[in-house]
Amino acid sequence: MFTDEEVAVFMEELEEKLQVINDNVLVLEREGESPAVIQEIFRAAHTIKGSSAVMGYEKMSALTHEIENLFDRLRQGTMQVSGQLVDTLFDALDTLKLLKDEITGQAADVDVAGVVARIRACQLSCDAPPAGAAGAAGGGASPAQADAGGAARVPGGDELQRLLAAGLEAAGHAGGGGEGASADGAGVRERGGMPATAGDGGIFTGTGAAGMAADGRAGLSGSVDPVRTPGTGPDAGTTGASAGTRPAGEAGDNRVTGTPPAAEAGRNASAPGAAPPYRTSLPLEEAAEAVVREAEVRGYQAYWLDIGIDRGCQMKSVRAFLIFETLQQIGEIIKSAPPAEELQEGRYGPGFTVLLITKEDPGQVHDLVYSIAEVSSVEVRPVQPGAAPANGRPAAAAAAVGGRAAAKTAPAAAPAANGGVKTVRVDVQKLDTLMNLVGELVIDRTRLDRFVDIFEGKYGSDDLADNIVEISNHLGQVTNDLQEEIMKARMLPVATVFNRLPRMVRDLAHKMGKEIDFVIEGRETELDRNVIEVIGDPLIHLLRNAVDHGIEPPEERLRLGKPRAGRVLLKAAYVESHIVITLSDDGKGMEPARIRQKAVEKGLLTPEQAARAGDREILDLIFTPGFSTARQVSDISGRGVGMDIVRSQIEQINGSVEFTTAPGKGATFTIKLPLTLAIIRALMVALGEQVYAFPLANVVETLALKTEEIRRVRRAEAIVVRGRVLPLVRLTRLFREKGREEGRLSVVILGSAEKKVGVVVDRLIGEQEIVIKSLGGYLGQVPGLSGATILGDGRVALIVDARGIVKETGVEETVYEVNRAM
Amino acid sequence: MGKKILVVDDAAFMRMMIKNILLKNGYEVVGEAENGKQAVQMYAELKPDLVTMDITMPEMDGIEGVKAIRALDPDASIIMCSAMGQQAMVMDAIQAGARDFIVKPFQQDRILQAIERVLSRPR
Numbered sequence: 001m002f003t004d005e006e007v008a009v010f011m012e013e014l015e016e017k018l019q020v021i022n023d024n025v026l027v028l029e030r031e032g033e034s035p036a037v038i039q040e041i042f043r044a045a046h047t048i049k050g051s052s053a054v055m056g057y058e059k060m061s062a063l064t065h066e067i068e069n070l071f072d073r074l075r076q077g078t079m080q081v082s083g084q085l086v087d088t089l090f091d092a093l094d095t096l097k098l099l100k101d102e103i104t105g106q107a108a109d110v111d112v113a114g115v116v117a118r119i120r121a122c123q124l125s126c127d128a129p130p131a132g133a134a135g136a137a138g139g140g141a142s143p144a145q146a147d148a149g150g151a152a153r154v155p156g157g158d159e160l161q162r163l164l165a166a167g168l169e170a171a172g173h174a175g176g177g178g179e180g181a182s183a184d185g186a187g188v189r190e191r192g193g194m195p196a197t198a199g200d201g202g203i204f205t206g207t208g209a210a211g212m213a214a215d216g217r218a219g220l221s222g223s224v225d226p227v228r229t230p231g232t233g234p235d236a237g238t239t240g241a242s243a244g245t246r247p248a249g250e251a252g253d254n255r256v257t258g259t260p261p262a263a264e265a266g267r268n269a270s271a272p273g274a275a276p277p278y279r280t281s282l283p284l285e286e287a288a289e290a291v292v293r294e295a296e297v298r299g300y301q302a303y304w305l306d307i308g309i310d311r312g313c314q315m316k317s318v319r320a321f322l323i324f325e326t327l328q329q330i331g332e333i334i335k336s337a338p339p340a341e342e343l344q345e346g347r348y349g350p351g352f353t354v355l356l357i358t359k360e361d362p363g364q365v366h367d368l369v370y371s372i373a374e375v376s377s378v379e380v381r382p383v384q385p386g387a388a389p390a391n392g393r394p395a396a397a398a399a400a401v402g403g404r405a406a407a408k409t410a411p412a413a414a415p416a417a418n419g420g421v422k423t424v425r426v427d428v429q430k431l432d433t434l435m436n437l438v439g440e441l442v443i444d445r446t447r448l449d450r451f452v453d454i455f456e457g458k459y460g461s462d463d464l465a466d467n468i469v470e471i472s473n474h475l476g477q478v479t480n481d482l483q484e485e486i487m488k489a490r491m492l493p494v495a496t497v498f499n500r501l502p503r504m505v506r507d508l509a510h511k512m513g514k515e516i517d518f519v520i521e522g523r524e525t526e527l528d529r530n531v532i533e534v535i536g537d538p539l540i541h542l543l544r545n546a547v548d549h550g551i552e553p554p555e556e557r558l559r560l561g562k563p564r565a566g567r568v569l570l571k572a573a574y575v576e577s578h579i580v581i582t583l584s585d586d587g588k589g590m591e592p593a594r595i596r597q598k599a600v601e602k603g604l605l606t607p608e609q610a611a612r613a614g615d616r617e618i619l620d621l622i623f624t625p626g627f628s629t630a631r632q633v634s635d636i637s638g639r640g641v642g643m644d645i646v647r648s649q650i651e652q653i654n655g656s657v658e659f660t661t662a663p664g665k666g667a668t669f670t671i672k673l674p675l676t677l678a679i680i681r682a683l684m685v686a687l688g689e690q691v692y693a694f695p696l697a698n699v700v701e702t703l704a705l706k707t708e709e710i711r712r713v714r715r716a717e718a719i720v721v722r723g724r725v726l727p728l729v730r731l732t733r734l735f736r737e738k739g740r741e742e743g744r745l746s747v748v749i750l751g752s753a754e755k756k757v758g759v760v761v762d763r764l765i766g767e768q769e770i771v772i773k774s775l776g777g778y779l780g781q782v783p784g785l786s787g788a789t790i791l792g793d794g795r796v797a798l799i800v801d802a803r804g805i806v807k808e809t810g811v812e813e814t815v816y817e818v819n820r821a822m
Numbered sequence: 823m824g825k826k827i828l829v830v831d832d833a834a835f836m837r838m839m840i841k842n843i844l845l846k847n848g849y850e851v852v853g854e855a856e857n858g859k860q861a862v863q864m865y866a867e868l869k870p871d872l873v874t875m876d877i878t879m880p881e882m883d884g885i886e887g888v889k890a891i892r893a894l895d896p897d898a899s900i901i902m903c904s905a906m907g908q909q910a911m912v913m914d915a916i917q918a919g920a921r922d923f924i925v926k927p928f929q930q931d932r933i934l935q936a937i938e939r940v941l942s943r944p945r
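The listed protein sequences derive, respectively, from chains G and Y.
Taking the numbering used here, the leading residue of the first sequence gets 1, the next gets one more, and so forth.
Taking the numbering used here, the leading residue of the second sequence gets 823, the next gets one more, and so forth.
No wet-lab data here; the hints were simulated from the structure.
The beta carbon of each residue, even a glycine, is placed where N, CA and C say it ideally should be.
You may find that some hints are simply not true.
[What the hints assert, rightly or not] Okay, the calculated bits of chain G under chain Y, using three or more residues with CB under 8 angstroms as the criterion: (1) 8-22; (2) 36-48; (3) 51-63; (4) 487-495.
[Said to hold, decoys possible] Partial list, computed: chain G residues near chain Y (C-beta under 8 angstroms): (5) Q314; (6) E325; (7) L368; (8) S371; (9) L431; (10) P727.
Can you make the complete structure from the sequences, with help from the hints?
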């Protein structure tokens, strides 16, 4: 039923809007309500509601409908944000995420009834005016409130029960105010600034009054003006709206006293008892007859229009309103059956009848009505009134039409700041392909350069040669730009990861009974998509550590003379060709003494080693597998699988992690990441004819070495660098290549985590940027290699899997290892 | 050549749904706008035969959008795409000059009927 693309766009947009809600609810909690924030959430919920309804996800659209209603009320100022409300919103958000998982099959049978009930309960208990007043204001609200009543019994609360009871009772008294008023009301509230239930009253109070005038004899006496029911509708609506800005109770009174008499008057005047059946000519009472006669004299014709409406019509009230408005463009509606106010409340069956005076011929009238959607049939019947024209004022049709539009009050939808960036969604794979193609282009361009050199050498600097040089230069420039642009297209702001964090920190803080002031800076900093995907986990881990172990409980902080709330700062920034993410807290920091003690307890160090090691070396022990200093293992962090995994995850993407700490002052972790994984800086080396590339991130230093400096430790080769012993690996042996084994050797020292290893190569070529290409499916994983790249001259250079080599053959360079080896 | 239609909705998903329905039925979607402001600009540029207009949008909502477009072109044909519960706003839009409305979630034949009929309307 839906195409893959449609589903994909739906899911992406859903994700996006959930994030918007999440972010704004956090702002709501932190900074209190502001129109912009409430508007943002309202709109996001509204969008999800619409889209999920189209997709047929009823639970999702029902829940977002509730959220939308809630925020509509906040927007109107008829209720306030409370702690309970924020918690309920987070519940709702979690449920929405579950519903999203349900779509993808990651969850099943998600229940929304509970959270819907809580949202409704919130609306009732957070009411600015007492719930009873709102209930009394419009009987139409009763279905919604009755539901809430049933569901709210679960959470309980005496006060709530009492309010509910009051509301239901009041609703019962008001009774029969129209169908689906909770839905109808939502719309009305938009413009007038009044609560839903009173809103209905507001607009129909006006209409009701007009209806009375239309059908009652007393109000008419020859004047056509009040007869234009829909024409007066808007004006009355505006009046209703302004009434609505008064407290809800008052607006309610307005309706209760206004409407019933009006409706009664209408019925008494036209057709006593039930509303006349559809498609029946009404008896023309004197006043209406007078109007028709008068109109005829002025060249108008009167018609009965029998208009049938589709069964599936969704907004019957608006449909009737539209038909009235449309007919008003060619004439005047004198009366209708059922009466206008009932039509505008949507209270009619398969159709209705109106009496229209117009100068158009019946065919045109028919075509006009039939140009309105959901009109299933139209029948136009001329009216033949009695002969003698009555005296009275002329019908000022045109003037009335003109004066109407101006009276409307614009809905005050203050547009919240929303960056108008135009975007297209592109499959990442397409970008990868593009990147590859540009890579090829770069290679060809380099080859062209060489060709140009040859050409120049052969023909000297004649016109042809100059042209080729120029073309080659321009091509080079364009290729570079192209490469850069595609790189940029692969970048995403770190916000995509950072935005998930505030909620997590909030929940953690709640759970741990801590107060956290979480600040994020540099959200807009952009990173390659692949890097973004990996960085989330380590960040979450570090953040958990900071909240769980770093920040002290509020009381302790006060005792220490720190502010109650701990400050956690997450910041991203460009530093040269890297991104640096720092996470700092002002918590208790790390004490080398405790780590030292722990390391000995865990058997990681002997007491002597521990005593000899410097503080820095001791601190770095936190990156050792299985190390955790938390006195109590909580379910948040401190399972001892922490920092070593954080580090290896970051190194997987060619990044590095370091930290500084001061006891009692806090800790700062610094993560350095490459901007992209597609292009790396590499040290190029030669081994015989073959060129190899070492990722620069893993290159610690390079050395020149004489063969006699190589030592033997058991059966392996090793070198001593500044007093430390490092194993030595010969690339020739690793890849079974022929190379020099004698004389001065070049050694590249590789490092990853705490391990280091020396690698012997023939010759160092230099540093350069390379575009990483995979070895392709048919080669698959080759031990010792992580990929390949194509050099300017078209040759292939192989990229050495530096981390793999270090992991297998390297030794840990921490003190105790050195000590052991000595 | 199919009639030219401008689709206005802040939700990409909605735009795509409407667009796909229109394309399948021989209409030409000449543009897509994310808010009323964009819609007005695009209307002036593209002169579409008809506009489908969402109501709740950032920057400029659908009702203001209708007003602005009708100010540019008093004969503009605009169909509102409303959600349940937006009765009063649809009424506002109709008074501002919208020709018809559909209610989301809409069925294909409803939107097609509304468009066909509005385009057939005698001027």
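Hints, verified against the model:
no.: 1; hint: 8-22; verdict: holds (count 4)
no.: 2; hint: 36-48; verdict: holds (count 4)
no.: 3; hint: 51-63; verdict: holds (count 5)
no.: 4; hint: 487-495; verdict: violated (count 0)
no.: 5; hint: Q314; verdict: 4 angstroms, holds
no.: 6; hint: E325; verdict: 5 angstroms, holds
no.: 7; hint: L368; verdict: 6 angstroms, holds
no.: 8; hint: S371; verdict: 4 angstroms, holds
no.: 9; hint: L431; verdict: 19 angstroms, violated
no.: 10; hint: P727; verdict: 56 angstroms, violated
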